[in-house]
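Visitor: The chain contents come next:
Number of protein chains: 4
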Amino acid sequence: MAREIRVALIGGGGFMGKAHSMAYALAPSVVDLDVTIVKHTLVDANADIAAAAAERLGWQNSSSDWRAVIASDDIDVVDIVTPPQFHQEIAMAALAAGKPVFCEKPITNDAAEATRMAEAAAESGLANQVGFNYRHTPAISLFKKLVDDGDLGTPLNFRATYMQDGAYFIDDFGWRATKRTGGSGAVGDIGSHIIDLAEYLNGPIVRVAAVMNTNGGAAGSTWLPEDERVSQDLTDDAGAWVAQFANGSTGTFSASFQAYGRKNQIRLELDGTKGAVEFDWNRREELKIARADDRPDDSGFKTVLVSDAHRDVWYPVAGIGIGYVEGSAIQLARFVEAAANGGTSRPDFADAAHVQSVVTAIQESARTGAWVKVAVPAR
Amino acid sequence: MAREIRVALIGGGGFMGKAHSMAYALAPSVVDLDVTIVKHTLVDANADIAAAAAERLGWQNSSSDWRAVIASDDIDVVDIVTPPQFHQEIAMAALAAGKPVFCEKPITNDAAEATRMAEAAAESGLANQVGFNYRHTPAISLFKKLVDDGDLGTPLNFRATYMQDGAYFIDDFGWRATKRTGGSGAVGDIGSHIIDLAEYLNGPIVRVAAVMNTNGGAAGSTWLPEDERVSQDLTDDAGAWVAQFANGSTGTFSASFQAYGRKNQIRLELDGTKGAVEFDWNRREELKIARADDRPDDSGFKTVLVSDAHRDVWYPVAGIGIGYVEGSAIQLARFVEAAANGGTSRPDFADAAHVQSVVTAIQESARTGAWVKVAVPAR
Amino acid sequence: MAREIRVALIGGGGFMGKAHSMAYALAPSVVDLDVTIVKHTLVDANADIAAAAAERLGWQNSSSDWRAVIASDDIDVVDIVTPPQFHQEIAMAALAAGKPVFCEKPITNDAAEATRMAEAAAESGLANQVGFNYRHTPAISLFKKLVDDGDLGTPLNFRATYMQDGAYFIDDFGWRATKRTGGSGAVGDIGSHIIDLAEYLNGPIVRVAAVMNTNGGAAGSTWLPEDERVSQDLTDDAGAWVAQFANGSTGTFSASFQAYGRKNQIRLELDGTKGAVEFDWNRREELKIARADDRPDDSGFKTVLVSDAHRDVWYPVAGIGIGYVEGSAIQLARFVEAAANGGTSRPDFADAAHVQSVVTAIQESARTGAWVKVAVPAR
Amino acid sequence: MAREIRVALIGGGGFMGKAHSMAYALAPSVVDLDVTIVKHTLVDANADIAAAAAERLGWQNSSSDWRAVIASDDIDVVDIVTPPQFHQEIAMAALAAGKPVFCEKPITNDAAEATRMAEAAAESGLANQVGFNYRHTPAISLFKKLVDDGDLGTPLNFRATYMQDGAYFIDDFGWRATKRTGGSGAVGDIGSHIIDLAEYLNGPIVRVAAVMNTNGGAAGSTWLPEDERVSQDLTDDAGAWVAQFANGSTGTFSASFQAYGRKNQIRLELDGTKGAVEFDWNRREELKIARADDRPDDSGFKTVLVSDAHRDVWYPVAGIGIGYVEGSAIQLARFVEAAANGGTSRPDFADAAHVQSVVTAIQESARTGAWVKVAVPAR
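Line by line, the protein sequences are chains A, B, C and D. Counting from 3, one number per residue, gives the positions in the first sequence under the working numbering. Counting from 3, one number per residue, gives the positions in the second sequence under the working numbering. Counting from 3, one number per residue, gives the positions in the third sequence under the working numbering. Counting from 3, one number per residue, gives the positions in the fourth sequence under the working numbering.
Okay, chain A solo, but in the shape it has when bound (with noise of 0.2 Å):
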């Protein structure tokens, strides 16, 4: 009988609490795990919102009270979806109780503070995960182990858009419009999404130069009070930035949230000395390659699908048809395995402080038009 690993949901009341509860569900059929898991406490702070959410999406039980919820006996793991300004506290306490945590992204909006989590999450020598989802979509891990095989050679530029659709979160992301709200903006919020995807694919970026705009695009959200929205301290609306990478390699990349007609569009390209390849996540089942010892007359981009024959990227049951929720579903069993066996899953607390480092990194340059370095990290 498998080994059952018990969740706290800590802040499961919202999307990402639907997300999640989806993913745990479609985890055991995704993966082939040797664990079991037991989706046992949904926590809001709404005790009426966890209970009525736990019914909905399947947990055991549900509280409002997250300190207690962490500290029972009862639970094996702690997986945060509050919104980021709770996170450095709720991770902290769960990883002074000797829990492994899953933080979604970002795991704060402030450098020096994602720092000093990574330090914690080192020396408490338990998993530690952050929810940089894309990462774990079949097509990049298949275009990770490209790189890892040296299919793709030197890596020599890579190009990198998150775009998001002005129209596409109007209404119910209003919160990411000001700062005091919550909001990252387009660098820290979607933008940190390709930085990883960058990092992952290219290893450290040590040098970013930047411009950002910010024209007010989500704070015409109807979600504030008309007469509030001059007032705010508004996020940025789109950042794009040059880099380099500690490889040798450079980079250009965008973050918008006003690319209209996109919806929510994630694009990555690497060209190397030995072939290239192209990822968009609204066709996410695809990564087109080409490669460079190709016969002239019969060179071009081959769009391979991700399907049963890529058992090593994922386990494909159903076999057919990609979305979100199975990435998703991935990225969970991994920090759940790694928390069962004592092992590491990646993107650790490390690597998100280091994503911020870029992010923070990008806004100084966008203010100084200077070029600002980015320290590569330890190991």
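Possibly wrong hints are sitting among the right ones.
[To be verified] Subject to a maximum C-alpha distance of 25 Å in a straight line, what follows is the list of computed DSS-like cross-link-like pairs (lysine-lysine):
#, chain 1, residue 1, chain 2, residue 2
1, A, K375, D, K20
2, B, K375, C, K375
3, D, K20, C, K20
[Claimed, not checked] The following label-pair restraints were derived from C-beta to C-beta distances:
#, chain 1, residue 1, chain 2, residue 2, range
4, D, A124, A, K146, 51 to 57 Å
5, C, T216, B, P379, 25 to 31 Å
6, A, D150, B, E91, 50 to 56 Å
These are computed hints drawn from the structure, not numbers from a lab. The beta carbon of each residue, even a glycine, is placed where N, CA and C say it ideally should be.
Add chains B, C and D to chain A, keeping to what the hints say.
Guide: Quick look at chains B, C and D alone, frame taken from chain A:
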């Protein structure tokens, strides 16, 4: 508290058992359900397989005796995922026991038998549904909505292909190569899906002319011992047909097990007097829509991503990214709701029987080299 | 010094006159010609139109008397771009005068007449070619080469569509709506192109079953006075058919004048035992190629751009970017070379006569609701 | 009778000589010209090459003495397609002789020299134009029209890449690998095209931050003897930069000679407050357009094909299918018209000088690791 619906899954030890188990787990998150689904009993002819699958896939009980399970008062609805040759007997028994039935497609490979099953289902007054799952893909629901709303005008021409890669199924699906092992051939197996989709969007087909290939492609499978392969009653590898619909529209269709590079690809196109639509399963979040009244210098296909803006065609929770399992969850949710509330759900046995009569007409046309008519269903 | 070939262009005052004039101008740059093309005389029934067109399009002389021009010793080859109803008389006269003939398609809308023209052309021993220009698109030449080299194995299934946007031709091409004004209908006009391409790639079609629509779409044109539109002998707006090839392969075809959003789109797909190919005229530099022997985890369609690496299928000068006129230049270069050197060029009148017999069989099948056979050509 | 404009083509023995010859031949068919272009004299330093090229490409005369040709009363305009290091001397001589000048890009690799040429051109009052040919692609003209008409609102973000396949140019273009052989590097050679396009669509760039790679990719060419390759002053293989426009918009750019699988690909994206546009040179008839005021459930990129409906952005004759040469013909037609009618045509020497100053700023930023400002042009 929502009413509980206790499901028996018959034949759940294989691929489809896993797919349906995932779909039941996901259904409450994908659809606003007013019932609670209970994964009560998983049945497989082999008791050990049944027990292992039940534990792995989250079913409360297991059994190897489908008759007893169907008869039990603990079971509200029956879901049949056995090989096709067992569908009829189990479905008839379930209807006789007063249990709503979900049956994977094809309900049978014999058109007359299919008609008898449809009659029994209609007489029972019970919810009955067939696993033509692609109908429930959100982009297909949007497609149907455009047709029903008159956005495309009068349908004129329709094109559908269902292409599978030879390499795709060679080992796990070798049983598809011969009739004695339950194989339906390309036309009956995957062609039936595009017939269902065509009739869903255009109404019934009334006339077909067809050609078919039996190249022994699937028979080349390693699944059969080599000396048995030549003596088999081989199923067809591909079929192509032209059809006329009762509504005056015309269509071309191709289905093939030998279409390299395509993995598992369904493509649909409909041209109407007011617009045109294109769908590709491998890019299943996109619906391409052209409108006749666009200015000539601003006309073309718009790639609409099915997203949270389409709450009328699905209920997007995680919001972004539709895989195979979402459509599967929607179809089972529709069935369970109909079973719980006494309504009907589609496609039902009568729909499936008409699809089977079109399959039979195609096979006859390919054999005789003549056009073959198909009766229009009564309703 | 290269030999001069003096061309007479009959019917050069319209659209096709301009297209051929551009093509002759471009030919020496697109193909390594060993002859010099002289744009000698442009003929139009209206002498003023002929004179103006000759000056504008760079012809040395103009005339309104095609008989005299064909008879003249100053003319080496005849190029016919008149409306279809005049093709036969002019082509026969040119052959009788011992002049190689290029004739736009359809050489005639009557299959028996086409056969007589093909016989006359064959007896003459002169170069004769028909304007099925799409054959000469470099990507199609590459497609043909893959078939001929056996890269795709045995052809199994073929699919072709030729879709035109209703809005696309409504004013300039209203004459297409009725037979008395020379309209061939969708099947004869654009369907003939995909029949030619199908036979080029697969060899002759031997059997067809078809449905056709005559919705009066083209008749809605403003080209005809309103009170005449109802009384016309309308041509078909669309046709769909399934075909069997002499080589055992099967195919589906659709041609339509009422396909909104597509402008002028030809798509071709061929599945063979060793690979598959896809072509889309609207992206005419791309050929998508899948190969059966790719590793399952590295399989898919490779998008090969026809470029300077393909000097065996064309002679890329400006190197980058193939439009309509390049293919047109290649086809006329092939004709002029054959005329100069005594060789043959394809598609010739015999090819066009077979295409016309397939068109006639499609029309008969649509009328009778029965399969119709087509004779295999002698060679 | 239209006025004749007699052209001298200086440096016409190579690739660009052929391209311009084709373009002049096609121009009267692609644009409604009110002048007649006379291909008067082709000049090459080697008299034999000049004579052979003139005959092959349809020029009336040939010469090896560019000074005499420019001075001749038989010449109305001068078209310079020599290697870049000769541009300045020839262009200045032509202006001094009172002849309108078309000059291929880069007009020079030195920004100060470019400014002097621009000043001389402005003082002359003569038509002067530079071969940034991509501007004249019909889809780009449509793109510009959407910007100018305000259809996209205020520009917010821009992205451009120009990617060439290493294999693409290795033999014929080996001279690009070193400065002493006239190579400009990826940034100067192809990056300049996307800078021109960016400034065409967004107005002037005012600030850049850049990284560059010099991997010796082009130096791996077989064009140089092996022992000379190491000692060369190598040009850059790739550059990536971020830029700020005077209009407040921001942009990211990448140019590379080492992008496998792409042949010769320019991609542009612009996000504005009212819509977004995407262009891909490899699919150059398509412009993808999204509009912010589309209903959320009917939003996305519409693929508009540039066709006969766009007579305001080009003059489609053969109607269907735009290659490289059509854009080239349009640019030369615009120049000849300006020369004949005393008007101006763009991009002119001043535009090219600004592009060169951006190139220089990029190179400086990559060297110093600091942001570099670029002066806004006076007009």
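Visitor: At the C-beta level, are T216/C and P379/B separated by a distance inside 25 to 31 Å?
Guide: Since T216/C and P379/B have Cβ atoms about 28 Å apart, the given range 25 to 31 Å holds.
Visitor: For the range 50 to 56 Å, tell me whether the beta carbons of D150/A and E91/B fit it or not.
Guide: Because 52 Å falls inside the window, the suggested range holds.
Visitor: Does K20/D pair with K20/C here, judged by a C-alpha cut-off of 25 Å?
Guide: Holds - the C-alpha atoms of K20/C and K20/D are around 22 Å apart, at most 25 Å.
Visitor: Does K20/D sit within 25 Å of K375/A, going by the straight-line distance between their CA atoms?
Guide: The hint is violated at about 49 Å.
Visitor: Do the alpha carbons of K375/B and K375/C lie within 25 Å of each other, as the hint requires?
Guide: holds, 21 Å
Visitor: When you take the CB atoms of A124/D and K146/A, is the distance between them in 51 to 57 Å?
Guide: holds, 54 Å
Checked against the numbered hints above, the structure violates only hint 1.
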